[in-house]
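K.L.:
Using the hints provided, position chain B with the ligands relative to the given structure of chain A.
Read top to bottom, the protein sequences are chains A and B. This note's numbering applies: residue 9 is where the first sequence begins, and numbers increase by one. This note's numbering applies: residue 1179 is where the second sequence begins, and numbers increase by one.
By construction, these hints were calculated from the structure, which means they are not laboratory data. A virtual CB, placed ideally from N, CA and C, is assigned to each residue, including glycine.
Computed far set for chain B versus chain A, every beta-carbon distance over 12 Å:
(1) ARG1219
(2) ALA1288
(3) ALA1320
(4) PHE1334
(5) ASP1380
(6) ASP1657
Label-pair distances were calculated between CB atoms; the ranges are:
(7) A:GLN240 / B:LEU1262: 56 to 66 Å
(8) A:SER84 / B:GLU1688: 37 to 47 Å
(9) A:ARG99 / B:TYR1333: 57 to 67 Å
(10) B:THR1574 / A:SER84: 20 to 30 Å
What follows is the residue order along each chain.
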Amino acid sequence: MNVQASQSDFILQVEHLSMKFGGLVAIGDLSFQARRGEITALIGPNGAGKTTVFNCITGFYKPTEGMITLNKRDGSTYLLERLPNHEIPARANVARTFQNIRLFSGMTLLENLLVAQHNKLMKASGYTFLGLFGFPSYRQASAESIELARHWLEKADLVDRADDPAGDLPYGAQRRLEIARAMCTGPELLCLDEPAAGLNPRESAALNELLMDIKNSTSILLIEHDMSVVMQISDHVVVLEYGRKISDGNPQSVRTDPRVIAAYLGVDDEEVETVLTEVGDEDVIEQLDTGPDSAHGPGNSASMMAGPVSDTVEHADEGERVTVSKGASKAAQVDARAASVASKPAPAAKPAAKSSTAKAPKRTAAKAPAAKADSTSKGKQAAAKPASGKRGGRK
Amino acid sequence: MAVTVSPMRDVVATPVQRAFREALYAGAIALGLFVLFIGLRTDQNISNELILVQRWGLLALVVILTAAGRFLYVAYAQPFLASLKVTDVATGLLPESLATRFFRLSYLFAAIVIAVVLLVLAGSLDELLGPDLAGYARFLRALAIIYAVASVMFYFRSFIHAHFSALGVSALALYPVIVVLTLALYTGSVAGGFQGSLKWVDNFGIQILIYVMLAWGLNIVIGLAGLLDLGYVAFYAVGAYAYALLGTHFGLSFWILLPAAGCMAAFWGVMLGFPVLRLRGDYLAIVTLAFGEIIRLVLINWREVTNGSAGVSGIPKVSFFGLMSFNVSDPNYIGKVLNIATSSAYYKIFLYYLILLLCLLTAFVTIRLRRLPVGRAWEALREDEIACRSLGINTTTTKLTAFATGAMFGGFAGSFFAARQGFVSPESFVFLESAIVLAIVVLGGMGSLGGIAVAALVMIGGTEALRELDFLKRVFGPDFTPELYRMLLFGMAMVIVMLWKPRGFVGSREPTAFLKEQKAVSGSFTKEGHG
Ligand SMILES: Nc1ncnc2c1ncn2[C@@H]1O[C@H](COP(=O)(O)OP(=O)(O)OP(=O)(O)O)[C@@H](O)[C@H]1O
Ligand SMILES: [Mg+2]
Chain A
9 MNVQASQSDF
19 ILQVEHLSMK
29 FGGLVAIGDL
39 SFQARRGEIT
49 ALIGPNGAGK
59 TTVFNCITGF
69 YKPTEGMITL
79 NKRDGSTYLL
89 ERLPNHEIPA
99 RANVARTFQN
109 IRLFSGMTLL
119 ENLLVAQHNK
129 LMKASGYTFL
139 GLFGFPSYRQ
149 ASAESIELAR
159 HWLEKADLVD
169 RADDPAGDLP
179 YGAQRRLEIA
189 RAMCTGPELL
199 CLDEPAAGLN
209 PRESAALNEL
219 LMDIKNSTSI
229 LLIEHDMSVV
239 MQISDHVVVL
249 EYGRKISDGN
259 PQSVRTDPRV
269 IAAYLGVDDE
279 EVETVLTEVG
289 DEDVIEQLDT
299 GPDSAHGPGN
309 SASMMAGPVS
319 DTVEHADEGE
329 RVTVSKGASK
339 AAQVDARAAS
349 VASKPAPAAK
359 PAAKSSTAKA
369 PKRTAAKAPA
379 AKADSTSKGK
389 QAAAKPASGK
399 RGGRK
Chain B
1179 MAVTVSPMRD
1189 VVATPVQRAF
1199 REALYAGAIA
1209 LGLFVLFIGL
1219 RTDQNISNEL
1229 ILVQRWGLLA
1239 LVVILTAAGR
1249 FLYVAYAQPF
1259 LASLKVTDVA
1269 TGLLPESLAT
1279 RFFRLSYLFA
1289 AIVIAVVLLV
1299 LAGSLDELLG
1309 PDLAGYARFL
1319 RALAIIYAVA
1329 SVMFYFRSFI
1339 HAHFSALGVS
1349 ALALYPVIVV
1359 LTLALYTGSV
1369 AGGFQGSLKW
1379 VDNFGIQILI
1389 YVMLAWGLNI
1399 VIGLAGLLDL
1409 GYVAFYAVGA
1419 YAYALLGTHF
1429 GLSFWILLPA
1439 AGCMAAFWGV
1449 MLGFPVLRLR
1459 GDYLAIVTLA
1469 FGEIIRLVLI
1479 NWREVTNGSA
1489 GVSGIPKVSF
1499 FGLMSFNVSD
1509 PNYIGKVLNI
1519 ATSSAYYKIF
1529 LYYLILLLCL
1539 LTAFVTIRLR
1549 RLPVGRAWEA
1559 LREDEIACRS
1569 LGINTTTTKL
1579 TAFATGAMFG
1589 GFAGSFFAAR
1599 QGFVSPESFV
1609 FLESAIVLAI
1619 VVLGGMGSLG
1629 GIAVAALVMI
1639 GGTEALRELD
1649 FLKRVFGPDF
1659 TPELYRMLLF
1669 GMAMVIVMLW
1679 KPRGFVGSRE
1689 PTAFLKEQKA
1699 VSGSFTKEGH
1709 G
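With the rest of the complex left out, here is chain A (with noise of 0.2 Å):
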């Protein structure tokens, strides 16, 4: 019974998610649940593998490994990885948006909401052959549908725009549009990638009131660099980088953890060489003389089609993992330093940093215990202030 209740408790649950593009480790190992009617915000610096965990959940990859499961209202439960793509939306009910807006931007606003109700509409349609001589059955359906599209719109705040097409949308609305797009499938999860990416203040706003509204409903998971969003409506907070799992918990809880704040939270690239080089890291001064690779840093690689796929394939065999060298995990930094403060020889790095980032961290750990606590300190400076310094290179 107790277990009955923990199982369906989870709407979605992710076990060992491995995803692999060639020998470019996008997602290593993964497990975490999203609790059913939470908000699961997903964080992590550029390329740390966010928008491929959504890509997995909803078909548009099949990972190279794991089990990816969904728990619905009624019970039922879905191995996601094995349905096709087009029936997890149909059949398991999780809807998406998508980092780069995929409207149908020729059509109107409300045609795009009748689109989304496709399946539905098909049925009532007798898969045309009844619609196709007008049958009152189908007319009902396509009235309620209408309706339904209406009620999305007028939430989204969209109502007198209902007869444009998309594509004359600012990009806020058509950011707001594709939200009630996905709901209009009438998910029982909703993946939002990146929301109030590119949205003003207001709109961003306007974006958080939507999403409580939709969290009543539709639990919801939500990839987001806008930290501000992430701290005022997430309920759990799972945080990537390289494709692993770094913090799990809930947003107090993984704002104040040095491996977020060193991976993640505003500590640039800068900023863990100036804490470095204060404590007298001859590493990063060498490194900062010659210049770091600013093509190669995890912050460059913004899409899910052009990431620095190249300069990692080469290093394929060396290990399961594959990292770029410069700029490398900050969280295995901090995990180095952490350990050599309980055992002063430096032991071997984390199975994370185990190709050429290993030397750097290593030597980092042995000569800076005090790095910790001084990088954690900056990083809660930076964490206050909400939309980190990152996010806006990015856009």
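P.N.:
Below, chain B with the ligands alone, put in the same frame as chain A:
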């Protein structure tokens, strides 16, 4: 067309100077291009030897024409077009548009007078002017009539625009009646009216409507679903052969064979679609192109069934639902039943209404489908396939239904074609037909039924009209056959329309549902699809 002179020199040169220079360039380019194409020609002499014929005169003519054309364009047309965009200093208004200047009431009267005078004199033109000039006079008469019709349409353009479908359908429905009546008045006898109507109803009416139907069918595949199908003629062939073979071997009637041919074509659409639809864009286009050729080659080589390139003949005529037949020898021949004179025109007029009906069916189904979830899914697929999948739309079956529906209408058109010709051979189903139908869809504006119908009228009607320009033989010599230039006409029309309206005659799309008011969606938002 880009002017390649530097702006510095532009400032100094007057348009005429510039035009002169550019005309020289254009002439030089034309000379370089055409010296081998036109200047020299290989030919056979009497003893079957290959000889070079030199045609320097013709080359010079072409080069001079090119240079003169460029000169006129740069010196006069360009400044004129520019002046259209400049407002008058005194009134602050833009000058009259080109169209209002072109369609003046006085010109209209002149055109009507010319047309009427030449029509009255029609019988005696040859004696009055001699055969040469009479040809020109008839051409002038045709131009005057076209001008008059065009300006009437121009004056009533807003009315026509508002009631386009209703006007179009009624014009099409009345067309044979008008033709027969006019010709009957003109020749003074009802029989003469029917006899003369053959050409107008068959060559123009039926021919155009067949293409309208084909283009509307292809429009479902290309215009709505955004799948570039270059082998559409294959389904036309399947329909035609299905009708021809089943009709000749089993003697089944048209009304049974029409749906059968449609189903057969749809079946082949699905057969082709299954393996092919996972391909996108260019790949899909190439595979469908190959499919079209395969079907044609099968028709040529499978002699036992299709009779090879000799084709199938003796295809039974359509009967009027079995009540009346159009075979003179039958006891229920229409002439005997209705007690009227024997004429082959009845059958053509019947066929005209039949294809009109089929066209209207196609239009009706297309309009209905667009408002149903399948139709919306087709258009959504054209806009963004990935988004479709994220909304739970099965893109494979959706594409298949588009393919099958388009193919079915192709099959209908094919079986009608077989019934009309009484003979089918693989020659009728070459790639060129696919290309023409595709060109009509693109010219008309993908997705718009009205635009496509107008494009078919212009393109097919235009090429048929070329046959009427016999008098040109007197100018260019007896070998000159204007019909051979129809591809040139097609090409020129395509270039002009694509420059003038890149999205075709009707670039906007009608939304399929609306909350408050129906507004057309501008073409700049819609996408063409990626296959
Ligand atoms: N189809 C693909 N083929 C190869 N590599 C891919 C593919 N999709 C993603 N990747 C790589 O996987 C890594 C994770 O990418 P992903 O798009 O998931 O990051 P993200 O966390 O969404 O980043 P962002 O914040 O910039 O959106 C990147 O290095 C990317 O280059
Ligand atoms: Mg992403």
